[in-house]
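> Chains as they are written, first to last, in UniProt numbering: chain A, 1 to 310; chain B, 1 to 368.
Incorrect hints may appear among the rest.
Claimed, not checked - Only some residues are given here: those of chain A computed to face chain B with a beta carbon under 8 Å: (1) S152; (2) S206; (3) E209; (4) A212; (5) G215; (6) W219.
To be verified - In silico DSS-like pairs for lysine-lysine, Cα to Cα no more than 25 Å straight-line: (7) B:K317 <-> B:K215; (8) B:K215 <-> A:K41; (9) B:K267 <-> B:K298; (10) B:K70 <-> A:K41; (11) B:K171 <-> B:K104; (12) A:K41 <-> B:K317.
What the hints assert, rightly or not - Partial list, derived from the structure: chain A residues whose beta carbon lies under 10 Å from chain B: (13) A22; (14) S123; (15) A159; (16) W163; (17) E205.
Hints in this document: simulated from the structure, not taken from any laboratory.
These figures come from a predicted structure and were not determined experimentally.
A virtual CB, placed ideally from N, CA and C, is assigned to each residue, including glycine.
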Amino acid sequence: MTDAVSTKRAGSSGLGRRILIAIPYVWLLIFFLAPFVIVLKISLSDATIAQPPYTPLLDLSAGWQGVVEWWNGLDFENYTLLTEDELYWVSYLSSLRIAVISTLLMLLIGYPMAYAMARAPKSIRPALVMAVILPFWTSLLIRVYAWIGILSPEGLLNAFLLWTGIISEPLYIMNTETAVLIGIVYSYLPFMVLPLYASLEKLDESLLEAAADLGSPPWKAFWQITVPLSIPGVIAGCFLVFIPAVGEFVIPDLLGGSETLMIGKTLYNEFFLNRDWPVSSAIAVLLLLVLVVPIAVYQNVQARQLEGKA
Amino acid sequence: MTSKRLLRTLAAACGLAVGLAGQAFAQSKEVRVYNWSDYIDEQVLKDFEAETGIKVVYDVFDSNEILETKLLTGKTGYDVVVPSATFLSRQIKAGVFQKLDKSKLPNLANAWPEIYQRIAKYDPENAYSINYMWGTTGIGYNVDKVKKAFPDAPLDSWALVYDPANLKKLKSCGVMLLDSPEDLLPSVMTYLGLAPDLTNVKDVEKAAEHLGKLKPFITKFHSSEYINALANGNICVTVGYSGDVFQAKTRAEEADKGVNVEYVIPKEGAQLWFDQMAIPADAPNVENAHIFLNYILKPEVAAKASNYVSYANGNLKSQDLLDEAVKSNPAIYPTPEVFQRLYTVPTVEDSKVQRALTRAWTKAKSGR
Numbered sequence: 001m002t003d004a005v006s007t008k009r010a011g012s013s014g015l016g017r018r019i020l021i022a023i024p025y026v027w028l029l030i031f032f033l034a035p036f037v038i039v040l041k042i043s044l045s046d047a048t049i050a051q052p053p054y055t056p057l058l059d060l061s062a063g064w065q066g067v068v069e070w071w072n073g074l075d076f077e078n079y080t081l082l083t084e085d086e087l088y089w090v091s092y093l094s095s096l097r098i099a100v101i102s103t104l105l106m107l108l109i110g111y112p113m114a115y116a117m118a119r120a121p122k123s124i125r126p127a128l129v130m131a132v133i134l135p136f137w138t139s140l141l142i143r144v145y146a147w148i149g150i151l152s153p154e155g156l157l158n159a160f161l162l163w164t165g166i167i168s169e170p171l172y173i174m175n176t177e178t179a180v181l182i183g184i185v186y187s188y189l190p191f192m193v194l195p196l197y198a199s200l201e202k203l204d205e206s207l208l209e210a211a212a213d214l215g216s217p218p219w220k221a222f223w224q225i226t227v228p229l230s231i232p233g234v235i236a237g238c239f240l241v242f243i244p245a246v247g248e249f250v251i252p253d254l255l256g257g258s259e260t261l262m263i264g265k266t267l268y269n270e271f272f273l274n275r276d277w278p279v280s281s282a283i284a285v286l287l288l289l290v291l292v293v294p295i296a297v298y299q300n301v302q303a304r305q306l307e308g309k310a
Numbered sequence: 001m002t003s004k005r006l007l008r009t010l011a012a013a014c015g016l017a018v019g020l021a022g023q024a025f026a027q028s029k030e031v032r033v034y035n036w037s038d039y040i041d042e043q044v045l046k047d048f049e050a051e052t053g054i055k056v057v058y059d060v061f062d063s064n065e066i067l068e069t070k071l072l073t074g075k076t077g078y079d080v081v082v083p084s085a086t087f088l089s090r091q092i093k094a095g096v097f098q099k100l101d102k103s104k105l106p107n108l109a110n111a112w113p114e115i116y117q118r119i120a121k122y123d124p125e126n127a128y129s130i131n132y133m134w135g136t137t138g139i140g141y142n143v144d145k146v147k148k149a150f151p152d153a154p155l156d157s158w159a160l161v162y163d164p165a166n167l168k169k170l171k172s173c174g175v176m177l178l179d180s181p182e183d184l185l186p187s188v189m190t191y192l193g194l195a196p197d198l199t200n201v202k203d204v205e206k207a208a209e210h211l212g213k214l215k216p217f218i219t220k221f222h223s224s225e226y227i228n229a230l231a232n233g234n235i236c237v238t239v240g241y242s243g244d245v246f247q248a249k250t251r252a253e254e255a256d257k258g259v260n261v262e263y264v265i266p267k268e269g270a271q272l273w274f275d276q277m278a279i280p281a282d283a284p285n286v287e288n289a290h291i292f293l294n295y296i297l298k299p300e301v302a303a304k305a306s307n308y309v310s311y312a313n314g315n316l317k318s319q320d321l322l323d324e325a326v327k328s329n330p331a332i333y334p335t336p337e338v339f340q341r342l343y344t345v346p347t348v349e350d351s352k353v354q355r356a357l358t359r360a361w362t363k364a365k366s367g368r
């Protein structure tokens, strides 16, 4: 009896819903999965001087024979290469380290900003949000170039510090890891502030009032009420900045020095300097695994926790 | 969480969609040219359009690697591209280009045999390409800053930048080197007295190791930033391409802030490079491409182009039509004695050798 009812429901309204759900999946299939499969395929081939510069791996025109040959010739030498040379591991780790440090810095800077915005009078909040978004109206490249103008030995910062007499020799910030961190923190800060602001703004102020009525000092109320309630915003913000920061290429290329090894640069070298599309594809696949697997696991755990609560 | 997931997907999709952007279809009365940025007198293109009625669609790139990647991917939609000879050689082997129909290029008679003979190392019998410009890889420096930091500097020698004791004195005023092993390591090898052959992995490693010792004194490795840095006075010495240093000199003069830039071809010898015009195998307008190449081979056109970019060209007949400032500048048109000391570097083809080269380079730069 109950079965019949549920089938009927699915029959009438289900089709439209399924189409609606299918749209994002088709989108993912075309723009994410298909290119990924191509990259995965290239990562299993060998580099050669040709157009395109890798051996055609799977020859479908040869039919079954082609598939057999492909299977027999299959090796993972591009992946084993990545484990043999420490360069790749060092690059992955250094990218992760820079991304972690810059994410923490952004959290430290972004949280007070978002908090102040959320506590500002309602009438000026849209203007503050606007101010956070405003830098995006200028190209990222130009903004990073502006930092070259600020940080270089003859730049604005050094000119100012020398003028005030705080320093007597120009500071060498440009072309160091510090410059890369400054660049990443500056460029991605809005992505941290906006989700934090969204979660802090929703916060029910009567909870804080209640805490105050019950004698809780403001810092304790902040720590026990505001912070836990803003955790979703913190997580969203951290993911939003951490993921692109790991793969960042432009900022370390322009602001960093030669000792700043990052995986984006290593991938660029493999692809453009070595013309080794297979190895660079292998690096990209591995990077995706390094990033996606922990996030997928995390989301799974979180989803289960939510279910548990409900 | 859903909105975040969507955002992430969008970001991934945008990045990939750029690569999928299609090529527009070709029209019969046009020629699509893909050349280096800041590398032509716009008037040349206008004159060409007026004379032939063929519309020039002109795009620019800023590194051989970008061009090579496009060519190797295929279906660029371009009719004329301008790779450097070392890259061209490999691209010919990859089957990227078509042979030129020399019956359609009567102006090849103006070519400079000495230059074309050197190019034949990369493009046997000059079958696939014509020369657009050529130049050297040498030292660019800020005259006053170097004088101040290091009064008796050996300005005519690689020792200026590759002797650690010398470079140490220049550290404080800024040093930038080309971020390209193919263009920089040969000069280090020359300084060390080794033959500039990049397929010799042992010598390459020696040169890279030497470079590693210099690293503490080097501000940055970059292949284009040095133009502005030199012009602004942010650095005082660089190893770079002749024309780029001249460009820095021009910019410094325009800015008029008392920055005085010079270029020198070191006495030990320097690397010659050639930028070649070639026609991709899948070019949509082959006929027009030949008309364009033949036009570029006219002496007065080549002279006009050289006068504008301050590079030498491979057109012998154009030399009478050059500006005196270009023609008489030995850093652009070296004297015969100096020319004898200029060398070419064979192209690296083996992918294992190439990786060893890039690896030695990364090691020298990063200390890993």
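> Run every hint past the structure and note whether it holds.
Hint check:
Hint status for S152 (chain A) relative to chain B: holds, with the closest Cβ pair at about 6 Å, below 8 Å. With its C-beta approaching chain B no nearer than about 27 Å, S206 (chain A) sits outside the 8 Å limit, and its interface hint is violated. Because the beta carbon of E209 (chain A) sits about 30 Å from the nearest beta carbon in chain B, more than 8 Å, this interface hint is broken. For A212 (chain A), the interface hint is violated, since its Cβ never comes within 8 Å of a Cβ in chain B; the closest pair sits about 32 Å apart.
For G215 (chain A), the interface hint is violated, the least distance from its beta-carbon to any beta-carbon of chain B being 36 Å, above 8 Å. Contact between W219 (chain A) and chain B, as hinted, is not supported at the beta carbon level, the nearest pair being about 30 Å apart and thus beyond 8 Å. Taken as a hint, the K317 (chain B) and K215 (chain B) pair is broken in the structure, with Cα atoms around 44 Å apart against an allowance of 25 Å. Restraint check for K215 (chain B) and K41 (chain A): the C-alpha separation of about 39 Å exceeds 25 Å, so the hint is violated.
As the CA atoms of K267 (chain B) and K298 (chain B) are separated by approximately 33 Å, the hinted pair breaks the 25 Å bound. A threshold of 25 Å between alpha carbons decides the hint, and for K70 (chain B) with K41 (chain A) the separation of about 20 Å falls inside it, so the pair holds. A distance of roughly 53 Å separates the Cα atoms of K171 (chain B) and K104 (chain B); the hinted pair therefore is violated under the 25 Å criterion. The straight-line distance between the Cα atoms of K41 (chain A) and K317 (chain B) is roughly 52 Å, outside the 25 Å bound, and the hint therefore fails.
Proximity of A22 (chain A) to chain B is violated relative to the hint, the smallest CB-CB distance being about 15 Å (cut-off 10 Å). Given the 10 Å rule on beta carbons, the hint for S123 (chain A) is violated: about 27 Å separates it from the nearest Cβ of chain B. Nearest Cβ of chain B to the Cβ of A159 (chain A): about 12 Å, over the 10 Å cut. The hint is violated. Of the supplied interface hints, the one on W163 (chain A) is violated, with its beta-carbon coming no nearer than about 18 Å to a beta-carbon of chain B, more than 10 Å.
For E205 (chain A), the suggested interface contact is broken, since its CB lies about 25 Å from the closest CB of chain B, more than 10 Å.
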